[in-house]
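Using the hints, position chain F with the ligands against chain C.
Residue numbers (numbering that gives the first Met the number 0), protein chains in the order written: chain C, 0 to 222; chain F, 0 to 380.
Careful: at least some of the hints might be erroneous.
Claimed, not checked - Just the calculated beta-carbon pair ranges, DEER-fashion:
no. : chain 1 : residue 1 : chain 2 : residue 2 : range
1   : C       : E77       : F       : N270      : 28 to 38 Å
2   : F       : E278      : C       : E77       : 26 to 36 Å
3   : F       : P334      : C       : L80       : 54 to 64 Å
Hints were generated in silico from the structure; no laboratory data involved. Yeah, the Cβ is synthetic: ideal placement off N, Cα and C, and Gly gets one too.
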Amino acid sequence: MPVISFDAVRKVYPLPAGDVVALDGVDLAIEEGEFVLIMGPSGSGKSTLLNIMGSLDVPTSGEVTIAEKRISRMDDDELTLLRRDHIGFIFQQFNLIPLLSVVENVEYPLILRGQQNGSRERAQEVLAAVEIAETHFSHKPNELSGGQQQRVAIARALVNDPDFLLCDEPTGNLDSKTGTAIMTLLDRMNREEGKTIVMVTHDPRMTDYADRTIRLVDGRVAE
Amino acid sequence: MTFFDLARRNVTRHWLRSVLAVVGIVIGVVAIASLGIMGNSIGLMFDDMVSDVGDTLIVSPAMGSGSDRLTDRQVDDIKRAVGSNQVIPFATTVDKITVGGASSGAMIYAIPASDIPSLLETESGGYPRDTGAGCLIGSQLAANSQENGLKLGARVRIGDETLRVVGVLKERGMGFDINPDYAIVVPYAWYSNHYNEKEYDQAIVKVRDVNDIDAVKESIDQRMNRREDTVNVMDTRGILESVFSAADSITVFLMGIGAVSLLVAGVSILNVMLMSVTERIKEIGVLRSIGTRRSEVMRMFIYEALFLGVAGALIGGVLSFGVGYVMTAVLVGNPDFLFNPASLLYIVFGMGFGVFTSVASGLYPAWKAAQLNPIQALRHE
Ligand SMILES: Nc1ncnc2c1ncn2[C@@H]1O[C@H](COP(=O)(O)OP(=O)(O)OP(=O)(O)O)[C@@H](O)[C@H]1O
Ligand SMILES: [Mg+2]
Numbered sequence: 000m001p002v003i004s005f006d007a008v009r010k011v012y013p014l015p016a017g018d019v020v021a022l023d024g025v026d027l028a029i030e031e032g033e034f035v036l037i038m039g040p041s042g043s044g045k046s047t048l049l050n051i052m053g054s055l056d057v058p059t060s061g062e063v064t065i066a067e068k069r070i071s072r073m074d075d076d077e078l079t080l081l082r083r084d085h086i087g088f089i090f091q092q093f094n095l096i097p098l099l100s101v102v103e104n105v106e107y108p109l110i111l112r113g114q115q116n117g118s119r120e121r122a123q124e125v126l127a128a129v130e131i132a133e134t135h136f137s138h139k140p141n142e143l144s145g146g147q148q149q150r151v152a153i154a155r156a157l158v159n160d161p162d163f164l165l166c167d168e169p170t171g172n173l174d175s176k177t178g179t180a181i182m183t184l185l186d187r188m189n190r191e192e193g194k195t196i197v198m199v200t201h202d203p204r205m206t207d208y209a210d211r212t213i214r215l216v217d218g219r220v221a222e
Numbered sequence: 000m001t002f003f004d005l006a007r008r009n010v011t012r013h014w015l016r017s018v019l020a021v022v023g024i025v026i027g028v029v030a031i032a033s034l035g036i037m038g039n040s041i042g043l044m045f046d047d048m049v050s051d052v053g054d055t056l057i058v059s060p061a062m063g064s065g066s067d068r069l070t071d072r073q074v075d076d077i078k079r080a081v082g083s084n085q086v087i088p089f090a091t092t093v094d095k096i097t098v099g100g101a102s103s104g105a106m107i108y109a110i111p112a113s114d115i116p117s118l119l120e121t122e123s124g125g126y127p128r129d130t131g132a133g134c135l136i137g138s139q140l141a142a143n144s145q146e147n148g149l150k151l152g153a154r155v156r157i158g159d160e161t162l163r164v165v166g167v168l169k170e171r172g173m174g175f176d177i178n179p180d181y182a183i184v185v186p187y188a189w190y191s192n193h194y195n196e197k198e199y200d201q202a203i204v205k206v207r208d209v210n211d212i213d214a215v216k217e218s219i220d221q222r223m224n225r226r227e228d229t230v231n232v233m234d235t236r237g238i239l240e241s242v243f244s245a246a247d248s249i250t251v252f253l254m255g256i257g258a259v260s261l262l263v264a265g266v267s268i269l270n271v272m273l274m275s276v277t278e279r280i281k282e283i284g285v286l287r288s289i290g291t292r293r294s295e296v297m298r299m300f301i302y303e304a305l306f307l308g309v310a311g312a313l314i315g316g317v318l319s320f321g322v323g324y325v326m327t328a329v330l331v332g333n334p335d336f337l338f339n340p341a342s343l344l345y346i347v348f349g350m351g352f353g354v355f356t357s358v359a360s361g362l363y364p365a366w367k368a369a370q371l372n373p374i375q376a377l378r379h380e
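The shape of chain C in the complex, shown without the other chains (with noise of 0.2 Å):
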């Protein structure tokens, strides 16, 4: 069973001006353990795609189904429980929260989800797993380097051991060395934990680490 599956989404954004088709009869299935790219050219429909592949959109037609769960019928709370419990996702402008420190940024999930006991430790355990030092936890995300930030992103995505990873551009506001270390830690994470990732990315390097590539053209998977 795929962690992910795609079956004939459509996706149309009404507009005064006509109606633009950002999904046009989208069909893919991610297995587990997957590392797979999504590339195309700008406006295709990358970021739409892995926003419904998020739960944080839903197509205009079709039907996705996410972690065993069918989506379209489901209400905004039950779509907010599914990207809780089930998907990590990391930004390209890492999307931390200002207000809290480092370790609270990562242990913002487990609380949600009403794990308070022991959340501080899980949170520290998953940063030293991303390479950040200790005398970062009680800083401030704005006190960090942007591939420091995405660390802590990335820590913060996992800390709920997701089913799955979203990424959308990771490496985009980063320098191409602090982009490869970021790389080859989401690497690791699906090589030694298995951990399923699906990355939109326009750096053609990146096909080094991926499973497979699944190209966009206009809406389209083009083959």
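The following block gives chain F with the ligands in isolation, referenced to the frame of chain C:
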């Protein structure tokens, strides 16, 4: 780290803005609470006065009746009209008094010696008798004249006669009948003899049961004013009521101003919260994308409003206590009124209203935050 923590941190992150919003709530709470205390104190003062003097009728010669004094016969008529209730006729005059070597003018009340104890209380000493040459001095007169030697046991010369001070009166305050605090009280018999007077200025009627006031008043009117108005009967309760009903409506008006100021505070909280939501759109998008439910986002912002409201209410409550104390002490003259349960309840009410206003003002911004589309929020810069 909880939603409450997050709310607290956001409130303290923009502390100046938060302080300004809190100040609004503080003002509203203080306004409502202290004006409520004021109103309540005035009500308590009314009750006190009514229980003090509400049983009193004052009979004076009618204006235009040809005489400005009450005769013995009129006093007898009043006594018959009021049945078993006590009638205390009295006369007043102003004369020069000499104590030691010093002379000054003084107000003199002449009251039948047997009636004095039921009308006036003494601080020290006893009461004069009709047959003796004793007098009483008012509390303020005593306090102001210590260096002249005007005190218990002193001799006071009035004209060519000497009176001995046999008692000092307790402070009585403003009254509707007599104001003896700055005066000398002499037995009517002495006065009558000394000034060769047989008439009175006014008569006080002490009505034993306050509910009989109207009946007694009516009875005096019936007997004495049937053909023409010879006397004027004033009931103190009526006067108090008209004075206090004005005070009452002023209080309601002031409370209204307090409520309006809270409304303004509410708008400022609404504004602060909307700002907070707008600034944090991206952050809300992040929170939502990693699994924070709408209801939880809403809760976070309501906590923020609650936080501002509780801070405002607590500060406002403490200040209300202070302002209430000053008001009851200075304006009403009795700080004990502050500790009356109803007064304290106004503080609680003001605080509750402050918290309520804040939370109510926070609802819309919180709802707005919760309704944000996570993808659009994430894309927001
Ligand atoms: N909220 C929206 N409203 C209207 N149109 C949208 C919206 N989101 C995306 N689109 C449109 O859908 C299409 C696909 O957008 P999407 O963001 O998925 O592209 P992308 O492949 O991620 O591009 P990029 O590489 O530039 O990030 C585009 O034409 C875009 O304009
Ligand atoms: Mg994109």
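Among all the numbered hints in the text so far, which are the ones the structure does not match?
-> Hints that this structure does not satisfy do not exist here, as all of them hold.
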